[in-house]
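Student: Based on the provided sequences and hints, a complete structural model is requested.
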Amino acid sequence: MGSAGVPVVVGLDNGGTSNNATVLTVDGRFLVDGLLEIPSEVGAGPEAAIEALARALDGVLAHTGVPRELVRAVGLDTPGPASATGVISSRGSTNFAQPAWRGYDVRGALERRLGLPVVYANDGNAAALYAHHVHFGADAMARSSVSAIVGTGLGGGVVQSGRVVGGAAGMAGEFGHVHIPLDGLLEPGQPAPVCACGFTGDAESVASLTAIRRNLLPYWLSRYPEHPLAAEEPARAAKLLREHGERGDPLARQVFGQQARALGRLFTIAANFTDPHAYFVGGGVVEAAPEFRDWFLATVAAHTVLRDEQRAVATFALVPDRDMAGARGVAIAALEAVKGGTPA
9 MGSAGVPVVV GLDNGGTSNN ATVLTVDGRF LVDGLLEIPS EVGAGPEAAI EALARALDGV
69 LAHTGVPREL VRAVGLDTPG PASATGVISS RGSTNFAQPA WRGYDVRGAL ERRLGLPVVY
129 ANDGNAAALY AHHVHFGADA MARSSVSAIV GTGLGGGVVQ SGRVVGGAAG MAGEFGHVHI
189 PLDGLLEPGQ PAPVCACGFT GDAESVASLT AIRRNLLPYW LSRYPEHPLA AEEPARAAKL
249 LREHGERGDP LARQVFGQQA RALGRLFTIA ANFTDPHAYF VGGGVVEAAP EFRDWFLATV
309 AAHTVLRDEQ RAVATFALVP DRDMAGARGV AIAALEAVKG GTPA
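Okay, so the sequence shown: first residue is 9 according to the working numbering, each after it adds one.
No lab work stands behind these hints, which were simulated from the structure alone. A few of these clues could be false.
Claimed, not checked - So the derived label-pair ranges between C-beta atoms look like this:
hint, residue 1, residue 2, range
1, Pro242, Cys205, 25 to 33 Å
2, Gly192, Pro242, 21 to 29 Å
3, Gly265, Cys205, 36 to 44 Å
4, Gln198, Gly36, 42 to 50 Å
5, Gly24, Arg244, 45 to 53 Å
6, Gly206, Gly265, 39 to 47 Å
7, Met149, Ala52, 49 to 57 Å
8, Pro242, Met149, 20 to 28 Å
9, Met179, Gly51, 19 to 27 Å
10, Gly292, Gln262, 13 to 21 Å
11, Gly51, Gly292, 19 to 27 Å
If you're wondering where the values come from, they're calculated on a predicted model, not measured in any experiment. Think of the CB as a built atom: it goes at the ideal place given N, C-alpha and C, for glycine as much as any other residue.
Tutor: Right under this line is the structure:
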């Protein structure tokens, strides 16, 4: 399956339970068609997790038949918060809860372990970069985009001229913690939503799985007390809600409608900062039946306020291949670094 002596970069997507890996040739061909996962071992601490990433590299090279000496760089993405250079935030995160992870230089540690240059991006940025390059293809380096990735939290990324905007501390594109207007978004008497970070009324406090469990579903169940989800444990009810939404359930559509309108308000803010060519939505909320997925994206677009000139050139689309987007996106970042002569 290897590519006859052509140099490559490897993309490693690190998650709370598994690592996914891919290989990208320097002439732009992915050599892995689907998921190639192994356990990430992040719960066992940094040393075990670095060894698991090294095994993921060895595994994807064996799978593709690419000799290690052809690897020019490795791309690594992890959940945030982390610095631009891959130092896990001293405040920790959901996936890196152990004290040993706080302030840990995961990029540097992997680079030392592998003996190869390692390029870092957070997982939202990696998915945003992949969506951008897939959507624009040969025009990617002349276009801009913003992405919102709805999962347990709300991640995302800003891509300008085909490259992720990282920011001074690596925190650019943290759309989850941008405050959005709540007037007209909430129902009369609906409590102001509070984010896990402590903010009130940021985008993640409405558009995330955590927001459904903590903020949205409790309110809407009080309006629909006979709903079947009222009998479920809150975390399970939140995860089951999308299935109800796919069937057109009124309560579920109210909840997801609020999330879509919140993303529209977020994109309205982004439009006045970056004026991008494209707006991407990804994550579990759109990994759904086509009718629900199209309704959700159309609702986001309808509530994104753009000037006529912006509306004429902007597109709204879904992040493709969500399970592979992180590994593929960070492989693209590594390839860009190699081509630019700065792989580390």
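Student: Hints first: check each against the structure and report whether it holds.
Tutor: Structure-based check of each hint:
{"no.": "1", "hint": "Pro242 with Cys205: 25 to 33 Å", "in the structure": "20 Å, violated"}
{"no.": "2", "hint": "Gly192 with Pro242: 21 to 29 Å", "in the structure": "27 Å, holds"}
{"no.": "3", "hint": "Gly265 with Cys205: 36 to 44 Å", "in the structure": "24 Å, violated"}
{"no.": "4", "hint": "Gln198 with Gly36: 42 to 50 Å", "in the structure": "48 Å, holds"}
{"no.": "5", "hint": "Gly24 with Arg244: 45 to 53 Å", "in the structure": "18 Å, violated"}
{"no.": "6", "hint": "Gly206 with Gly265: 39 to 47 Å", "in the structure": "26 Å, violated"}
{"no.": "7", "hint": "Met149 with Ala52: 49 to 57 Å", "in the structure": "40 Å, violated"}
{"no.": "8", "hint": "Pro242 with Met149: 20 to 28 Å", "in the structure": "45 Å, violated"}
{"no.": "9", "hint": "Met179 with Gly51: 19 to 27 Å", "in the structure": "25 Å, holds"}
{"no.": "10", "hint": "Gly292 with Gln262: 13 to 21 Å", "in the structure": "18 Å, holds"}
{"no.": "11", "hint": "Gly51 with Gly292: 19 to 27 Å", "in the structure": "21 Å, holds"}
Checked against the numbered hints listed earlier, the structure breaks hints 1, 3, 5, 6, 7, 8; every other hint is satisfied.
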